[in-house]
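Protein sequences, first through last, are from chains A and B.
Just add 10 to the spot in the first sequence (first one is 1) and you have this note's numbering.
Just add 122 to the spot in the second sequence (first one is 1) and you have this note's numbering.
Any given hint could be a false lead.
What the hints assert, rightly or not - Result set (DSSO-like, lysine-lysine): computed pairs, CA atoms no more than 30 Å apart in a straight line:
| no. | chain 1 | residue 1 | chain 2 | residue 2 |
| --- | --- | --- | --- | --- |
| 1 | B | K164 | A | K90 |
| 2 | A | K89 | B | K164 |
| 3 | B | K178 | B | K164 |
Everything labelled a hint here was simulated from the structure, so no lab data went into it.
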Amino acid sequence: SQTIHQWPATLVQPVGSPLSLECTVEGTSNPNLYWYRQAAGRGLQLLFYSVGIGQISSEVPQNLSASRPQDRQFILSSKKLLLSDSGFYLCAWSAPNGDTFGSGTRLTVV
Amino acid sequence: QKEVEQDPGPLSVPEGAIVSLNCTYSNSAFQYFMWYRQYSRKGPELLMYTYSSGNKEDGRFTAQVDKSSKYISLFIRDSQPSDSATYLCAMSAQRGSGSARQLTFGSGTQLTVLP
Numbered sequence: 011s012q013t014i015h016q017w018p019a020t021l022v023q024p025v026g027s028p029l030s031l032e033c034t035v036e037g038t039s040n041p042n043l044y045w046y047r048q049a050a051g052r053g054l055q056l057l058f059y060s061v062g063i064g065q066i067s068s069e070v071p072q073n074l075s076a077s078r079p080q081d082r083q084f085i086l087s088s089k090k091l092l093l094s095d096s097g098f099y100l101c102a103w104s105a106p107n108g109d110t111f112g113s114g115t116r117l118t119v120v
Numbered sequence: 123q124k125e126v127e128q129d130p131g132p133l134s135v136p137e138g139a140i141v142s143l144n145c146t147y148s149n150s151a152f153q154y155f156m157w158y159r160q161y162s163r164k165g166p167e168l169l170m171y172t173y174s175s176g177n178k179e180d181g182r183f184t185a186q187v188d189k190s191s192k193y194i195s196l197f198i199r200d201s202q203p204s205d206s207a208t209y210l211c212a213m214s215a216q217r218g219s220g221s222a223r224q225l226t227f228g229s230g231t232q233l234t235v236l237p
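Required output: the full structure, derived from the provided sequences and hints.
Here you go:
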């Protein structure tokens with residue numbers, strides 16, 4: 011069966027520090043992968059998606075970047091975090107009958 | 123105007139009640155419709171997926187799509203306290219190169235089922 015792993019679950023980082031969130035998928039090959047951000051009490055905002063290794067599409071201009079170094083690995087990064095980067099970050103992949111989400115990373119920038 | 127509108131609630135019902143959750147959308151290109159359940163501090167969990175107008179039933183859950191009215195609903199029968207969560211509607215249209223499917227979400231409805 012397909013599973014998606016996301017870590018860490020919780021992260022507190024100071025303003026100006028770097029960020030690296032990792033997402034891996036098991037049980038499938040060449041998945042379409044996505045990074046979303048969810049602000050408190052709001053829906054999910056698509057940040058990046060990737061259809062293959064090295065292929066990244068950005069939906070929203072921001073302080074973040076994404077990379078896909080391997081088929082089943084998707085990384086969300088920032089060189090210098092801003093307070094506004096705080097939120098709940100979710101990785102997802104497209105399954106035939108709906109998209110499956112990871113458990114999320116709650117990021118607090120202080 | 124947002125592409126997807128969802129009543130944020132909160133919605134509070136007694137155990138055993140029938141719950142109706144709704145979303146409207148403006149983009150007629152949306153062809154695929156999903157409902158997710160999200161518990162506090164967890165990732166969304168897919169409940170229902172449908173791509174045609176009409177009803178789809180799965181246990182206590184029924185998803186209804188009316189493409190002509192651009193309106194979708196999720197009904198929960200015999201609601202239980204364990205159904206207490208935020209419910210998100212999501213929809214997508216097929217998109218360009220690579221066949222990447224992008225979801226547009228509603229803002230979520232917070233549901234509490236009281237024992």
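Violations among the numbered hints, reported as their numbers in ascending order = none
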